[in-house]
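Q: In terms of our numbering, the sequence shown opens at residue 1 and continues consecutively.
Heads up, a few of these hints could be off.
Unchecked claim - Here are the simulated EDC-like pairs of lysine to aspartate or glutamate, each with C-alpha atoms no more than 16 angstroms apart in a straight line:
#, residue 1, residue 2
1, K100, D83
2, K100, E30
3, K69, E49
4, K11, E30
5, K69, E25
6, K100, E25
Claimed, not checked - Okay, the calculated beta carbon distance ranges per label pair:
#, residue 1, residue 2, range
7, P73, E103, 19 to 27 angstroms
8, K100, L58, 26 to 34 angstroms
9, K42, S118, 15 to 23 angstroms
10, R37, D117, 12 to 20 angstroms
11, R48, E103, 18 to 26 angstroms
Hints are computed from structural coordinates only; laboratory data are not their basis.
Ideal Cβ placement from N, Cα and C applies to all residues, glycine included.
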Amino acid sequence: MWTNENRAKYKRDHLRYPSDLTDQEWAHVEPLIPPARRGGRKRETNMREALNAIMYVLSTECQWRYLPKDLPPRSTVYRYFFDWGRDGTLDRIHDALYEKCREQAGREASPSAAIIDSQSVRSAEKGGPRSIRTGSMQERRLTARSVMFSSTRKGC
């Protein structure tokens with residue numbers, strides 16, 4: 001319920017961007033960030049800033065090239081976004097925060113029931129959206145290949 005006490009707790013006016021992580025949120029997420037890879041150069045990127053940049057893109061739906069200049073470079077942020085999506089770090093962060101929200105609401109950490117509608121069942125029958133991005137990328141590559149091969153065959 002939105003009371004004056006709750007409004008003050010969730011107010012984000014003191015942050016640079018509304019999508020930035022608060023100190024309390026960062027305390028929950030920081031242990032889930034994988035350590036730097038062994039060997040090579042020392043990690044120079046501030047992981048909190050990288051995650052703030054990812055949250056900025058996700059909350060504003062802006063393009064990567066429109067990241068504000070006070071955040072890390074877009075190529076660095078995108079690399080972390082891609083790597084963390086592939087190795088499951090983003091899923092672990094989501095799950096940890098989801099469980100924390102449920103506990104704060106006085107519920108069990110994981111739901112005991114689910115609602116499935118016919119649309120969900122239909123998409124699961126087709127293979128489900130394991131990764132919509134991967135599926136669409138594969139489709140584009142296949143289309144591009146078929147166009148390339150068809151244009152080379154005509155010239156023979």
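Q: Are the hints correct? Go through all of them and say.
A: A quick look at each hint next to the structure:
1. K100 / D83: Outside the cut-off at roughly 24 angstroms; violated.
2. K100 / E30: Answer holds: K100 to E30 is near 14 angstroms, not above 16 angstroms.
3. K69 / E49: 12 angstroms, holds
4. K11 / E30: Violated, at about 22 angstroms.
5. K69 / E25: 23 angstroms, violated
6. K100 / E25: 10 angstroms, holds
7. P73 / E103: 19 to 27 angstroms: Since P73 and E103 have Cβ atoms about 36 angstroms apart, the given range 19 to 27 angstroms is violated.
8. K100 / L58: 26 to 34 angstroms: About 19 angstroms separates the Cβ atoms of K100 and L58, which means 26 to 34 angstroms is violated.
9. K42 / S118: 15 to 23 angstroms: Taking Cβ atoms as reference, K42 and S118 lie about 53 angstroms apart, which means the hint is violated.
10. R37 / D117: 12 to 20 angstroms: Check failed, 42 angstroms falls outside 12 to 20 angstroms.
11. R48 / E103: 18 to 26 angstroms: 23 angstroms, holds
This entry does not satisfy hints 1, 4, 5, 7, 8, 9, 10, going by the numbered hints stated previously.
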